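Participant: All chains should be modelled from the sequences, with the hints used to inform the complete structure.
Under our numbering, think of the first position of the sequence shown as 1, with each following residue one higher.
Worth flagging that the hints you see were computed from the coordinates, not collected in a lab.
Here the structure is a predicted model, which is why all the values come from computation and not from measurement.
Note that beta-carbon positions come from the ideal geometry of N, C-alpha and C, so glycine has one too.
Honestly, I wouldn't trust all of these hints.
Derived EDC-like pairs (lysine to aspartate or glutamate); straight-line CA-CA distance at most 16 Å [stated by the list, open to error]: (1) K93 / E42; (2) K6 / E83; (3) K93 / D35; (4) K6 / D85; (5) K6 / E24; (6) K6 / E46.
Listed next, with one range per pair, are the computed distances between beta-carbon atoms [claimed, not checked]: (7) T17 / E87: 21 to 27 Å; (8) S12 / A51: 15 to 21 Å; (9) R102 / G29: 21 to 27 Å; (10) R70 / Y105: 21 to 27 Å; (11) E42 / A16: 33 to 39 Å; (12) E42 / D80: 35 to 41 Å; (13) S15 / K93: 23 to 29 Å; (14) A16 / D91: 25 to 31 Å; (15) E20 / Y105: 16 to 22 Å; (16) A101 / P56: 15 to 21 Å.
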Amino acid sequence: MYYRGKAFIPRSFNSATPFELDVEMAYWGNPAANDTGAHAHEALGEVHESAGIYQPLRSGQGVISLVDGRLLLRGRVLDDGQELDGEWFFDGKQGGGFRIAREGYLFP
Numbered sequence: 001m002y003y004r005g006k007a008f009i010p011r012s013f014n015s016a017t018p019f020e021l022d023v024e025m026a027y028w029g030n031p032a033a034n035d036t037g038a039h040a041h042e043a044l045g046e047v048h049e050s051a052g053i054y055q056p057l058r059s060g061q062g063v064i065s066l067v068d069g070r071l072l073l074r075g076r077v078l079d080d081g082q083e084l085d086g087e088w089f090f091d092g093k094q095g096g097g098f099r100i101a102r103e104g105y106l107f108p
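Facilitator: Spelled out as structure tokens, the structure:
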């Protein structure tokens, strides 16, 4: 996922209940690594802002759903609930890795 940005997270990923969050991302110029990445770039455009929902899962994992569920960020909760690290999916197809670091910075 060749976007960088910021996730505005109202509470820790250790939350036992779902919560809403906002995401701002900008494409940062590298070509898509696969067909899923190319499809995501076509749908999201150069700059993407949207609201999403974080859903806690079992075993210290969680998933963020964006773009009406078309873009999913699924990963492990790290750093005492301040980070989420895992794989992203677009339209049900795996695209690659991502990380939301402390302070909400989103990296491919």
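Participant: Which of the listed hints are broken here?
Facilitator: Violated hints: none; all satisfied.
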